[in-house]
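For reference, each letter of the sequence shown is one residue, going 1 to 167 in the UniProt record's numbering.
Derived from the structure by calculation, the hints contain no laboratory data. Any given hint might turn out to be false.
Calculated cross-link-like contacts (lysine to aspartate or glutamate; reagent style EDC-like; alpha-carbon spacing at most 16 Å) [to be verified]:
| no. | residue 1 | residue 2 |
| --- | --- | --- |
| 1 | 52 | 9 |
| 2 | 52 | 5 |
| 3 | 62 | 12 |
| 4 | 46 | 94 |
| 5 | 62 | 94 |
| 6 | 52 | 22 |
| 7 | 44 | 5 |
| 8 | 47 | 94 |
| 9 | 124 | 140 |
| 10 | 44 | 12 |
If you anchor each label on the Cβ, the simulated ranges turn out as follows [what the hints assert, rightly or not]:
| no. | residue 1 | residue 2 | range |
| --- | --- | --- | --- |
| 11 | 101 | 12 | 31 to 41 Å |
| 12 | 19 | 64 | 37 to 47 Å |
| 13 | 77 | 4 | 31 to 41 Å |
| 14 | 114 | 40 | 43 to 53 Å |
| 15 | 61 | 9 | 53 to 63 Å |
| 16 | 83 | 25 | 54 to 64 Å |
| 17 | 55 | 123 | 35 to 45 Å |
| 18 | 39 | 76 | 47 to 57 Å |
| 19 | 60 | 92 | 45 to 55 Å |
| 20 | 123 | 62 | 37 to 47 Å |
| 21 | 78 | 47 | 28 to 38 Å |
Since we're looking at a predicted model, the values are computed, not measured. For each residue, glycine too, the CB sits at the ideal point set by N, CA and C.
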Amino acid sequence: MRLKELSVELRDRIVSSHRSGEGYQKMSAALQVPKNTVASIILKWKKFGTTKTLPRAGRPAKLSNRGRRALVLEVNKNPMVSLTELQSSSVEMEEPFRGTTISATLHQSGVYGRAARRKPLLSKRHMTARLEFAKRHLKDSQTMRNKIPWFDETKIEHFGLNAKRHI
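All chains should be modelled from the sequences, with the hints used to inform the complete structure.
Right under this line is the structure:
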């Protein structure tokens, strides 16, 4: 199990005490750092001449920071945009990327796919008409109310599927 990295100040203190001639065991006890860690820090300092964290191996990111920000901005502007549309827009920007690259970049930026909430599209006119209808039929009996088809209880599909849309 790898532990947290030591701070640069602590590594510098280990190197300075090594320069003054102190032994590994004394340094380890004084700074409460394992002896092997002290030895590896001194070995690294002798080899590279620094105690700072060196760059690690790994493939550079395909998308630049600017491209990542532009992608996140585009998704935040239009949350219903699909992955293929994002891919075609990346081709237009002369930076073609795979769908997996785009989705991984969005996930790293904290943008995930969600199922959109189904919400009735009510304009001001619809709301006033509903209110007027309710006022007109306020004194109706329960049997009369049961005869009225309530549209928020009825599933109506005009064209194709009326399922949840994944955004």
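Between the beta carbons of residue 83 and residue 25, is the distance compatible with 54 to 64 Å?
holds, 58 Å
For a C-alpha distance cap of 16 Å, please report whether residue 52 and residue 9 respect it.
holds, 9 Å
Under the criterion that the straight-line Cα-Cα distance not exceed 16 Å, is the pair residue 62, residue 94 satisfied?
Roughly 13 Å between the alpha carbons, so the hint for residue 62 and residue 94 holds.
Range hint 37 to 47 Å: satisfied by the CB atoms of residue 123 and residue 62?
Between residue 123 and residue 62, where Cβ atoms are some 44 Å apart, the hint holds.
Pair hint outcome, residue 52 versus residue 22 [Cα-Cα no greater than 16 Å]:
The hint is violated at about 21 Å.
Would the hint linking residue 44 and residue 12 be met if the CA-CA limit is 16 Å?
Given that 16 Å is the threshold and the Cα spacing comes to 12 Å, the pair holds.
Starting from the range 37 to 47 Å, see whether the pair residue 19 and residue 64 falls in it by beta-carbon distance.
Roughly 42 Å apart at Cβ, these two residues keep to the hinted range, so it holds.
For the range 53 to 63 Å, tell me whether the beta carbons of residue 61 and residue 9 fit it or not.
Once the Cβ atoms are compared, 30 Å apart, the range 53 to 63 Å for residue 9 and residue 61 is violated.
Does the structure keep residue 46 and residue 94 at a Cα separation of 16 Å or less?
At roughly 46 Å apart (the allowed maximum being 16 Å), residue 94 and residue 46 break the hint.
Hint check for residue 123 and residue 55 - Cβ pair distance inside 35 to 45 Å:
Violated, at about 57 Å.
Do residue 78 and residue 47 keep their Cβ atoms within the hinted range of 28 to 38 Å?
violated, 52 Å
Residue 40 and residue 114 - C-beta distance against the hinted 43 to 53 Å
Roughly 46 Å apart at Cβ, these two residues keep to the hinted range, so it holds.
Checked against the numbered hints given earlier, the structure breaks hints 3, 4, 6, 8, 9, 15, 17, 19, 21 and satisfies all the rest.
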